[in-house]
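Enquirer: Each chain, written out:
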Amino acid sequence: MGKNQTLLKSQLEAAVLLLKKLSEELSPQYIGLITTSGHTLTSMAATGFNDNSDSLASLASGSFAATREMARLMDDFDFTVMLHEGNNVNIYIVQVTDDVLLVICFAKKTHIGKVRLLAGRMTGALAEALGSAPPELTRQRLAQADVYAEGVGRVIDELFDVEGEQHGPY
Amino acid sequence: MALINLAAGEINYKIVYYGCALGGKTTSIQYVYKKITPQVKGKLVSIATEEERTLYFDFLPLTLDKVRGLKTRFHLYTVPGQPQYNASRKLVIQGVDGIVFVADSQIDRLDDNVEAYLNMWDNLADQGDSPLDLGLVMQYNKRDLTGVFPSEDLNDLLNQTDSAWVESCALTGEGVFEALRNVTKQVIARTNAAAEGMVPDPSRA
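Quick mapping for you: the protein sequence lines, in order, are chains A and B.
Using the working numbering, read the first sequence as starting at 1 and increasing by one per residue.
Using the working numbering, read the second sequence as starting at 1001 and increasing by one per residue.
Everything labelled a hint here was simulated from the structure, so no lab data went into it.
Don't take each hint at face value.
Distance condition first, Cα-Cα at most 27 angstroms in a straight line; then the derived BS3-like pairs of lysine-lysine [said to hold, decoys possible]:
(1) A:LYS108 - A:LYS20
(2) B:LYS1066 - B:LYS1035
(3) A:LYS114 - A:LYS20
(4) A:LYS9 - B:LYS1066
(5) A:LYS20 - B:LYS1071
(6) B:LYS1185 - B:LYS1034
(7) B:LYS1034 - A:LYS9
All of these numbers come straight from a predicted model, not from anything done at the bench.
Pulled out of the complex, with its shape left as it was, chain B reads as follows (with noise of 0.2 angstroms):
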């Protein structure tokens, strides 16, 4: 749920990358880093093995301009995609606001990327949450490369919330800013309707 910090004037978001491990989800949030205009992007901290992958998570903030007074900032994590670090993403999901759900599109990759979107549901079960009370995007990623699942099939078999989906190459950032503003646009929207619910905007009676 996101944080609303009125006194500081911030509306404070997660959004977290999931999927299966070597999928391109540290890839996606590296771009994010690389290509962002600079006054918006924090430091990117990782902790990772010696190999590099991921062991934690890896953390980006990004810091919008104020608009009606409030300054909206998105906190980007990933979470170790190996089957044996499901304590530590469950520990990342915490608060979760969006999730953008990198998945490998290679034909032989395709048992763990239902086993990654299961454990997301699991997880976030686990937690009292569900994908479908979240800001959702698939991702489908490394399209470069041949010997790839069509996006269509893909989706039909793992989009099970009927949520967004991009096409991707995070390698080069095809598609991954693409998938950030679709997610965060789902959260600011879900924000909305959650404060339009509690109370009509009197300007708009």
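Chain A extracted, bound-state conformation (with noise of 0.2 angstroms):
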């Protein structure tokens, strides 16, 4: 995505195709890209699954920074990949781009080289499907924020006018 940080339609649709095809050789129970903030930008899960995704995002990409500073502090400056072995999920995290991880949540049943493999593949066709923005498209698309700021104002003032609460010197 770059450093605007804006994501078009045009490229998630290209990402959520090649994700649905990955989802449909690997069948696994979650299956998303997110950002290394901890933003979800798509995701599918499996029905049943419990689909904790905002949880899930901001979980996983504290988990992989975590591990990818120990491999710094261990000289080891090519980290990519993170693998959790459960007791009956596995998760899988690959990174897509600077800032864009995938995050693959699968029954043990599935085999982990198939999803190393399948997944390693399909990194190239995702970072090339998340490339820059067009910048004309993006401005053309933002020149409504000033109305979006007020429309959100209202909306955080409404939100956070709790009564009773004192705003005053103590």
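Can you join these two chains into the complex? Each is in its own frame, and there are hints to help.
Expert: Here it is in structure tokens:
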């Protein structure tokens, strides 16, 4: 996505197509693209899988970042993949771009080697799909930003206007 | 920097509660979780020690109603305040849009506040950011206690960016929403300013 951190519809549609293809081959319980800051770009979860996607994204990004820093402490600067083997579910995280991670949660019956192989093949295509947004498109879509800001400001005022809250000096 | 997901119709912001250990960061985010409208909040996640001290971070997602077709999402994080957890703090502030700096108003915590404030500057600088470029609110906490610094003095000492400041008592919630309201509005205004700098809005020409 690059520095602008803007994801266009065309980019997401291309990424979702790739994720669907990967999902068909791996039948994961959860598959998602998240940012290294902990935001979810898109995710898919199997029926019955407890999809706490926000929590999952924040924890996965934090875990990946912490493990990468541990690797760096040991002078390993090429850390791009992380695997957790659980009793029932395995979690595989692979870096797609500088600021995007692919997270796959899959059952024990799915072979880890298959996940590594197919996810590894897919990361290049995903990185291409998430390439920088054309600046002119980004500019057009953000042109209404002031109207948006006014509207959100009102929502925030209503949301955080707690009755009885004191604001003055003690 | 905010993540603008035009495909999903979402703008995501990361707000971090920063400050010294036992200053009230986790208590503030817990108060928000307890009191905010249920439809808005997600699950509160805490990675803490057995003594309930923050080990890595607390996390609370808030999702606001759509405005102009865009859903606004705030991800609230705390950092661990204890000095030895600086590596964790550096990771949590990656991609931050706004900071609520929670200072402990007690006189004997003054050095800890200063250290935490300088640490915030250092860690932001390490990732190429500056408090001057982010939303920032100073939340002077524990105002209900005796033996506290006057807020104005604390502000003169700590608030080097002339940012907005709020007195609070996180245990009872006074000032917590005010600080959050202020920082969320700041980060939205910054996104707005950045967008308007890119192209004039035709509807306003």
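Enquirer: All hints, please: hold or fail.
Expert: The hints, checked one at a time:
| no. | hint | verdict |
| --- | --- | --- |
| 1 | A:LYS108 - A:LYS20 | holds (20 angstroms) |
| 2 | B:LYS1066 - B:LYS1035 | holds (21 angstroms) |
| 3 | A:LYS114 - A:LYS20 | holds (16 angstroms) |
| 4 | A:LYS9 - B:LYS1066 | holds (17 angstroms) |
| 5 | A:LYS20 - B:LYS1071 | holds (24 angstroms) |
| 6 | B:LYS1185 - B:LYS1034 | holds (21 angstroms) |
| 7 | B:LYS1034 - A:LYS9 | violated (35 angstroms) |
Against the hints set out earlier in the document, a violation occurs for number 7 only.
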